[in-house]
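Work the whole structure out from these sequences, hints included.
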Amino acid sequence: MTGQAALTPQGSAPATEPRTAAPTDWRSDAMRRRIARRYAAERRFKVLGLAAVLLSAGFLAFLLVTMVGNGARGFTRTQIALPIDFQRSAMLIDPALLKGDTAEQALAGANLPAVIDTAADKAFGEGGARMISPAAQAAVRKAILADPAILNGTATITVPASEGVDLAAKGDGSAADETAVARLKQAGALSTGLNLRFLTASDGTDPTLVGIWGALKGSLLTMAVTLALSFPVGVFAALYLEEYAPRNRWTDLIEVSINNLAAVPSIIFGLLGLAIFLNLMHMPRSAPLVGGLTLALMTMPVIVISGRNAIKAVPPSIRDAALGIGASPVQVVFHHVLPLALPGILTGTIIGMARALGETAPLLMIGMRAFVASPPHGVMDPASVLPVQIFLWSDEVGRGFIEKTSAAIIVLLAFLLTMNSIAIYLRNKFEKKW
Amino acid sequence: MSGTMTLFVVVALGVIGWLVARGRATRMQAEAGRLATNSLPSQHGWYVALWTALPALIFLAIWANVTPALVLDSVLQAPAAQALPADGFTRSAILGEARAIASGAQAAAFNPQSMTLVEPFRAATLHYGGMGALLAVILAFAGGAYALSRVRPAFTARRRVERLVMWTLLGASLIAIITTAGIVGSLLFESLRFFSLVNPLDFLLGLKWSPQSAALGYGNEDAFGAVPLFWGTIFIGAIIAMIVAIPLGLMSAVYLTQYARPQVRKWMKPTLEVLAGVPTVVYGYFAALTVAPALRAFASAVGIPGASSESALAAGLVMGVMIIPFVSSMADDSIAAVPQAMRDGSLAMGATTSETIRKVLIPAALPGVVGGVLLAVSRAIGETMIVVMAAGLAANLTLNPFASVTTVTTQMVQLLTGDQEFDSAKTLAAFALGLVLFVVTLLLNIVALRVVKKYREAYE
Chain Z
24 MTGQAALTPQ GSAPATEPRT AAPTDWRSDA MRRRIARRYA AERRFKVLGL
74 AAVLLSAGFL AFLLVTMVGN GARGFTRTQI ALPIDFQRSA MLIDPALLKG
124 DTAEQALAGA NLPAVIDTAA DKAFGEGGAR MISPAAQAAV RKAILADPAI
174 LNGTATITVP ASEGVDLAAK GDGSAADETA VARLKQAGAL STGLNLRFLT
224 ASDGTDPTLV GIWGALKGSL LTMAVTLALS FPVGVFAALY LEEYAPRNRW
274 TDLIEVSINN LAAVPSIIFG LLGLAIFLNL MHMPRSAPLV GGLTLALMTM
324 PVIVISGRNA IKAVPPSIRD AALGIGASPV QVVFHHVLPL ALPGILTGTI
374 IGMARALGET APLLMIGMRA FVASPPHGVM DPASVLPVQI FLWSDEVGRG
424 FIEKTSAAII VLLAFLLTMN SIAIYLRNKF EKKW
Chain C
7 MSGTMTLFVV VALGVIGWLV ARGRATRMQA EAGRLATNSL PSQHGWYVAL
57 WTALPALIFL AIWANVTPAL VLDSVLQAPA AQALPADGFT RSAILGEARA
107 IASGAQAAAF NPQSMTLVEP FRAATLHYGG MGALLAVILA FAGGAYALSR
157 VRPAFTARRR VERLVMWTLL GASLIAIITT AGIVGSLLFE SLRFFSLVNP
207 LDFLLGLKWS PQSAALGYGN EDAFGAVPLF WGTIFIGAII AMIVAIPLGL
257 MSAVYLTQYA RPQVRKWMKP TLEVLAGVPT VVYGYFAALT VAPALRAFAS
307 AVGIPGASSE SALAAGLVMG VMIIPFVSSM ADDSIAAVPQ AMRDGSLAMG
357 ATTSETIRKV LIPAALPGVV GGVLLAVSRA IGETMIVVMA AGLAANLTLN
407 PFASVTTVTT QMVQLLTGDQ EFDSAKTLAA FALGLVLFVV TLLLNIVALR
457 VVKKYREAYE
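The listed protein sequences correspond, in order, to chains Z and C. With my numbering, the residue at position 107 of the first sequence is 130, and numbering never jumps. With my numbering, the residue at position 218 of the second sequence is 224, and numbering never jumps.
Please note that a few of the clues may not be correct.
[Said to hold, decoys possible] Label pairs and their computed distance ranges (CB to CB):
id : chain 1 : residue 1 : chain 2 : residue 2 : range
1  : C       : A106      : Z       : T228      : 24 to 30 angstroms
2  : C       : Q269      : Z       : F453      : 22 to 28 angstroms
3  : Z       : G216      : C       : L198      : 57 to 63 angstroms
4  : C       : I183      : Z       : R60       : 58 to 64 angstroms
5  : Z       : A336      : C       : S216      : 52 to 58 angstroms
[Said to hold, decoys possible] Which bits of chain Z does chain C cover? Going by a derived footprint, with three or more residues having C-beta under 8 angstroms, they are:
id : segment
6  : 165-173
7  : 216-226
8  : 284-294
9  : 297-303
10 : 416-428
11 : 433-445
Derived by calculation from the structure, the hints in this document are not laboratory data. Because the structure is a prediction, the values reported are computed rather than measured. For each residue, glycine too, the CB sits at the ideal point set by N, CA and C.
Structure below.
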C-alpha cells in the first residue's frame, strides 16, 4: 500500500488498484451525509460519556442530600415548656438531702416520672403525659439540682418532647400528634432546640433518648487498637519486603499472602476473629480489643501495599549516598528512606483507617451488635461502634429512629471526610517528585 | 505492684540503661579514640536498653498468662474453697464472682459464698503479682548488668542491635502468612466439621435452604442446599450490579480521560472516588430506606407480581453504584496503558475521537477492562452490609429482580448473629459458606490479575 492509498478515506476503494479508483467526491451528498452521521455519532458518544459522569455524581449527590435531609433534624429536638407545681405534686423528697453526694440518690427515689406525667396532664389536658419524652426526667433533675429552691413553688422547665410530638413538629407525624402539636403551639409551649443529648448519650430504647457518644467512643477505642497494631506491623513488613527481602520462595509467599489478604472480603476476617479470638482464645465478645484486632488484620495489607509504593518512590541515589558514606543497611533505611517515605505511608494508613472505621460486617461476626447503653471505659468493655450503631438503629421500627440513623450517618461521614481530607492534604504537601 | 506499674518500671529501667550505657561509651570513645571504637555511643545504649527491657517484658507477658491458673490453684487450696459445690457451673460462677470482687470490677456478691473466697483471691493475686514484679525487675537488672559489662571499644553493639531489628522486620512480614494460614485453617477446620454433618454434595447442589428447620430438629437433609444463595449472590453481585457499574464506570472513565478538560477531570475524578469511600452500611441504609420502597411502588404500579420491599434490584442497583469508581479506575488504567502510537495512528487516518475509542482503544484495552470487571465482581459478591439491609432473607431461586433473594454473606450474618450454641450445623454452615466465598473470590482475583498481567506484557 502506498502512502497515498492509505490516505484515501473511502473504505471501499480496493487497495490493490489505488490509481484506478476515482478520487472521493467530498461534496457529494452521500459523503456529506456520511460525515454528518459520523459527527452525530461523535456527539452522541460524548453526551453519553458526560451523562455517565453526571449520573454517577448525581447518585452521590442524591445519597448525600437524602442523608443530610433526613439527618439534620436528628440534631435538633422539639422542646416543651412544662410548668410543674412541685408544691402540690406527689414528690417525696427532703430538700435537705439535695446538697452534696446524697442528691442523686434522693432524686432517684423521688418518683420524678409520676410528677412529670401529672404535671403534663394538668398543663396540656388529657394525654399530656404522652407528649413528654422519657428524657424529661434528666432535664427536671438537672433543673432541681441547679436550683433546689424551685421545689417550693411552680417552675417552668423546658423538657424534650416525645417521639410523636417531635416528628409532628418537624412536619412528619401522625394526625393525633399533629393535633397535639397544634394544642401545644396554641399554649405557646413549643420550641426547637439543639439536641445535645444526641452527642453525649449512648444507645437507648426511645429515639428521644439515644445518642452516639457511646458508639463514637467505641469506634475511637477500636481504631486506637487497630492503629497501634497495624501501623508498626504494616510499616515493618513493607520495609522488609521492599528493602531487605531476598528474592526467594518465602518472599514470594509473603507477597502473595499480602496481595490476597487485601482482596479477601471483610466478612471473612470476621469469621477469622470469631474462630480465633473468641472461640480459641476466649476473649470477651463485643470488646473494642477484639474488634481492633480483627480490623488490624484487615488494614495491615492496605498499609503494606501503600507503604511499599511510598518506599519504592524514594530514589536509589539516596540509599547509595548513605551507603557510600558508611551507613549500615539498617541506618540507611531508618535514617533516610523511612523519613522520606513517611508522608506516603501516612496517607495510605489514614485511608486504610478510614476504611476500617466504616467497616461493619466483620464486627457483626464477633458479636458487636449487642445493645450497649453506656460508653465503654476500656478496650475490654462491651462496646458498639458507629457503623454498627447505624445498622442497629436502621433495624428499629420507631419512626423517630430514621432521623437518628441519618444523623449518625452524617457524623460518620464527617469523620471519614476529615480523615480523607487530611490524607489528601498530606499527599499534596509532602509529595515529592524526584 | 500492679501490672502496669511493673511495665512502667521495666521500661524506665531500659531508659536508664540506655543513658548509662551511652554515657559510658562516650567516655570510652574519648579515651580510646573515635576510630578504635566499633559502634556509636547511642548504639551501645540501645544494646543495653534492649537487654534490660526485652527479657523482662517477655517474662511479664508469659507470667500474665500463667498467673490466673496459679492464683486459682492456690485459692482452691484455701480452707474456704473446700465448701464449694461440686457442680461445675455454680462452682465456676462463684469463683468468677469472687475474682471480680477481688479485682474491684464488681462491688457486691450475688452469691454469699463468693464473699468467703474474696480474701484468698486477693491474697493470691497479690502474692503472685508481687512475685512476678520482683522477678521482672531482677531480670531487668541482670540483663542490664550483663549488657553493660560488655561495653568495650571493640564490642559490635551496632551489628547486634541491627540483627534484632532485621528479625523484627521479618517477623512483621510473616504476620501476613500467619493471617492467611489462620483464615484458611479456621475456615477449613469448621467446614470439615460441617461436612461431617451434612453431605458436601447436598450443600453445593441442593436447591432448598432452610437452616431454621435443621435447628428445630427436622434433620440436616434438605436444609442446607446452598444453590439459592449462590444464585442470589450472582444475581445481585455479578449481574444487576455489573449492569449498572460497567456502562457507567466505563463511560465515565472514557469521558474523563478522552473528552473532559483538565479542570473538569481534576474535580470529577475525586468526586467519583468518594462513591467508593462511603461506608457500605450507609449504602445499605440508603437502599433499604429510599431505593427499595421506590422500586416496590414502581413494580406494583406497573403490575409486576412478587414485588417485595426487599428486592434484588434495590441491593444490586446500589451495589452497582458503589462499584462504579472501581470499574472506572481500572478502565482508566488500562486505557492509559494503550500505546499512544495506536491512538495517533487512528486519529491520523481520519477517525473521529469516538471511533478511535470504540474501535481502537477499548478493543486494545479490553483484557485490562475484563480483569477490572472480574475484580469488581469479586468485591461485589463479598459485599455484606448492602445485601444484609436490602436484599432480604428468603432463599428464592427466581429471575424476577423485584422479588426478594438472599446471598451468601447475608446468610452468614444471619447464621452467626443468632443465639444458638456454636457447634450446631447452623453456625458451622456459616463457615462452609465462608469457605466457598473465600475460594471463589480468590480464584476471581487470580484469574483477573493474570489477565491484566498478560495484557500489560503485550504492550511492553
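Structure-based check of each hint:
1. Between A106 of chain C and T228 of chain Z the Cβ separation comes to about 27 angstroms, which falls inside the hinted range of 24 to 30 angstroms.
2. Look at Q269 of chain C against F453 of chain Z: about 24 angstroms separates their beta carbons, and that is inside 22 to 28 angstroms.
3. Between G216 of chain Z and L198 of chain C the beta carbons are some 59 angstroms apart, a value that agrees with the proposed interval 57 to 63 angstroms.
4. For the hinted restraint 58 to 64 angstroms between I183 of chain C and R60 of chain Z, the CB-CB distance of approximately 59 angstroms keeps it satisfied.
5. For A336 of chain Z and S216 of chain C, the hinted distance range of 52 to 58 angstroms is satisfied, since their beta carbons lie about 54 angstroms from each other.
6. Counting residues of the segment 165-173 of chain Z whose CB falls under 8 angstroms from any CB of chain C gives 0; the rule of at least 3 is not met.
7. Residue count for the segment 216-226 of chain Z with a Cβ under 8 angstroms from a Cβ of chain C: 0. That is fewer than the three needed, and the coverage hint is violated.
8. A stretch counts as covered by a chain when three or more of its residues have a beta carbon under 8 angstroms from one of that chain; for the segment 284-294 of chain Z and chain C the count is 9, and the coverage holds.
9. Requiring three or more residues with a Cβ within less than 8 angstroms of a Cβ of chain C, the coverage given for the segment 297-303 of chain Z holds, as 4 such residues are present.
10. Only when three residues or more bring their CB closer than 8 angstroms to a CB of chain C does the claim for the segment 416-428 of chain Z stand; here the count is 3, and the claim holds.
11. Here the segment 433-445 of chain Z counts 4 residues with a CB under 8 angstroms from a CB of chain C, which clears the bar of 3, and the coverage holds.
Checked against the numbered hints listed earlier, the structure breaks hints 6, 7; every other hint is satisfied.
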